[in-house]
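Enquirer: Got chain A; can you put chain B with the ligands on it based on the hints?
Each chain, letter by letter, is given below.
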Amino acid sequence: MKIVVIALNTFRETVREKVLYNLLFFALLMIGSSVLLSTLTIGEQSKIIMDIGLASINIFGILIAIFVGIGLVSKEIEKKTIYTIISKPIYRYQFLLGKYLGLLITLFVNTSIMVIGFFAVLLIMSYNITPDMIKAILLIYVEMMVVTAVALMFSTFTTSALSAIFTISIYVIGHLLGDLKAFAAKLGNPVMVFMMDALYYILPNLENFNIKGEVVHNIALDPSFIVMSVLYGLLYITMILLSSVIIFQRRDFK
Amino acid sequence: MIRTEGLTKVFRVGFWGRKVTALSYLNLQVNEKEIFGFLGPNGAGKTTTLKLLMGLIYPTSGRAWLLGRELTNAAVKKEIGFLPEAPYFYDYLTAHEFLRFYGGLFEIEKNLLKGRIERLLEMVGLSDNRHLPLGKFSKGMLQRIGIAQALINDPRLVILDEPMSGLDPIGRREIRDIILKLRSDGKTVFFSSHILSDAEMICDRVGILNRGKLINVGRLDEILEARLKYIEVIAEGVGAEVVSKIDKGVMTAGDRIIMRLGNEQQVNEVIELTSKMNGKVISIIPQKESLEDYFIKEVGTN
Ligand SMILES: Nc1ncnc2c1ncn2[C@@H]1O[C@H](COP(=O)(O)OP(=O)(O)OP(=O)(O)O)[C@@H](O)[C@H]1O
Ligand SMILES: [Mg+2]
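In order, the protein sequence lines correspond to chains A and B.
Quick note on numbering: the first sequence equals residues 1 to 254 in this note's numbering.
Quick note on numbering: the second sequence equals residues 1 to 302 in this note's numbering.
Next comes chain A alone, as it looks inside the complex:
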């Protein structure tokens, strides 16, 4: 219940954040302009529109997750607003989970707006909305949840600026993990192989949430892959939130 109070206030906080509207505006602009771009290009228009639409939802969703997520907790500590919150009858973990939940609500609303824009473009161009698109969007949302959790974790012990750098690095590496692992295996240096394996298991493998290519090119999807990806995401989020709670519980607010 108290988690919900914090979550709703967090949602209210993020909704009054200007960066959110800027990002949302650009996302919708991109999705809209995909129509224009598709007419300029040779090839299948529907694929280009889908490609740009899904990519925009993904990129801008992640940007919102990072730029709103990094400030969530660190800003409260830097601005000392947390003093009055923590002195209320609320456990620190409730505060943290409330913040997380609040940002998920914000992300859900924003993603929904982008998706509505995307579907509107498809309908106007009289293309079909397929179930596979919904699956792709679902996984994009799970990826946002993971990235948000990572941003939140950094935000519990470092400044907004450093959280941004760390989270973006993890996002980039998270998409390259498979390649990096394969590359290390090819080199055959045992130390490199060990390090890459360690990274592979510690960092989130974000390619698990990327089925945009398959959807755009109409390649059949393995249903178990999607289920496994969602489970992997949830497990990873749980671990990250658990570590965040442990870090947050022990720290001084000064």
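No lab work stands behind these hints: they were computed from the structure.
Because the structure is a prediction, the values reported are computed rather than measured.
Check the hints yourself; a few may be wrong.
Short derived list, chain A residues pointing at chain B, Cβ under 8 Å [claimed, not checked]:
#, residue
1, Asn9
2, Arg16
3, Val19
4, Thr81
5, Ser87
6, Glu214
7, Asp252
8, Phe253
25 Å max Cα-Cα, derived PhoX-like pairs, lysine-lysine [to be verified]:
#, chain 1, residue 1, chain 2, residue 2
9, A, Lys80, B, Lys19
10, A, Lys18, B, Lys136
11, B, Lys139, A, Lys75
12, B, Lys33, A, Lys79
13, B, Lys114, A, Lys254
14, A, Lys2, B, Lys110
15, A, Lys79, B, Lys136
16, A, Lys75, B, Lys136
17, B, Lys19, A, Lys2
18, B, Lys33, B, Lys78
19, A, Lys212, A, Lys254
20, B, Lys110, A, Lys254
21, A, Lys80, A, Lys181
22, B, Lys78, B, Lys19
We put the CB at the ideal spot given by N, CA and C, even for glycine.
Expert: Chain B with the ligands alone, transformed into the frame defined by chain A:
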């Protein structure tokens, strides 16, 4: 209501982790239904103590109890109100939204909360600004809304860090009245301050902290009792013989002499001499040390 045992906080600062002892072995007891002033100069460790009590930072060693319970369970905080030093609040919330949000954290029933918010806004004089975002509040207004949020749960124990700072004389007076009203409602108030005159006016007991150590604690009149500064005697129609008896300051104002005497023995001698010379003693006023004098002497010298 509040008890601490050997409460100590050592901060580590800088790259090398240099140790700074902000509070050392604080043993303190605050009784029910009293106004306790926690006094000390800048950097004495007052804020550190209050943050330890509220669980915002963890002690290096020692323990603390609020309302008889250790602070580890959140339930204790149900009955406590806290105002941090120079409070910062959510800029984007209006005064009303803000109090509703904090009321929500106590899970106060809706109608009860509504009435309470009205009363608190009234009490701190912010009724007309209820729909103004806190980002547009002045320093004094923030202090007032801070007091209001500390009282949103009708707490038994109120802990305030520098409640009068940033306020004009009228505002400070209002806060003093609020604190006195809290006591008459049967609540306990523990507040830190370095504005001694405020503390002097309302505190039942004070604790004086300097460099992380509690150097005195007790009733204000007891602390100051032992410290008679001088006895001021004003007399008329007396000559230089009287003056020669006086070791402290002598001033003349017209045909009056104002004398500052060190003890009662001297006062008696002066009275005798004055009557012998057909003079007249106009007044005898013992001047006690003010808390400020005490403070400057105790704290300023070391
Ligand atoms: N987070 C911190 N890190 C390092 N040192 C600190 C920290 N907070 C406080 N200190 C040190 O602890 C000492 C006590 O500080 P504190 O803020 O408790 O004083 P105070 O009595 O509240 O002073 P003021 O009247 O100025 O508010 C100071 O020497 C201060 O430098
Ligand atoms: Mg202070």
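Enquirer: A separate judgement is required for each hint: does it hold in the structure or not?
Expert: Hint check:
1. Asn9: Holds - the Cβ of Asn9(A) comes within 8 Å of chain B, reaching about 5 Å at its closest.
2. Arg16: Given a least distance of 4 Å, the restraint on Arg16(A) holds.
3. Val19: With a closest approach of 14 Å, the Val19(A) hint is violated.
4. Thr81: holds (5 Å)
5. Ser87: holds (4 Å)
6. Glu214: violated (42 Å)
7. Asp252: Holds: closest Cβ of chain B sits about 4 Å from Asp252(A), inside 8 Å.
8. Phe253: It holds, given that the least Cβ distance between Phe253(A) and chain B is near 5 Å, below 8 Å.
9. Lys80(A) with Lys19(B): holds (23 Å)
10. Lys18(A) with Lys136(B): holds (18 Å)
11. Lys139(B) with Lys75(A): Since the Cα atoms of Lys139(B) and Lys75(A) sit roughly 20 Å apart, the hinted pair holds (cutoff 25 Å).
12. Lys33(B) with Lys79(A): violated (33 Å)
13. Lys114(B) with Lys254(A): Judged against 25 Å, a Cα distance of about 33 Å means the pair is violated.
14. Lys2(A) with Lys110(B): This hinted pair holds, its Cα atoms lying about 15 Å apart.
15. Lys79(A) with Lys136(B): Cα-Cα ~16 Å, so holds.
16. Lys75(A) with Lys136(B): holds (19 Å)
17. Lys19(B) with Lys2(A): With Cα atoms ~37 Å apart, Lys19(B) and Lys2(A) exceed 25 Å; violated.
18. Lys33(B) with Lys78(B): Holds: Lys33(B) and Lys78(B) sit about 18 Å apart, inside 25 Å.
19. Lys212(A) with Lys254(A): Between Lys212(A) and Lys254(A) the Cα gap is close to 45 Å, so the pair fails against 25 Å, i.e. violated.
20. Lys110(B) with Lys254(A): violated (34 Å)
21. Lys80(A) with Lys181(A): violated (42 Å)
22. Lys78(B) with Lys19(B): Given that 25 Å is the threshold and the Cα spacing comes to 34 Å, the pair is violated.
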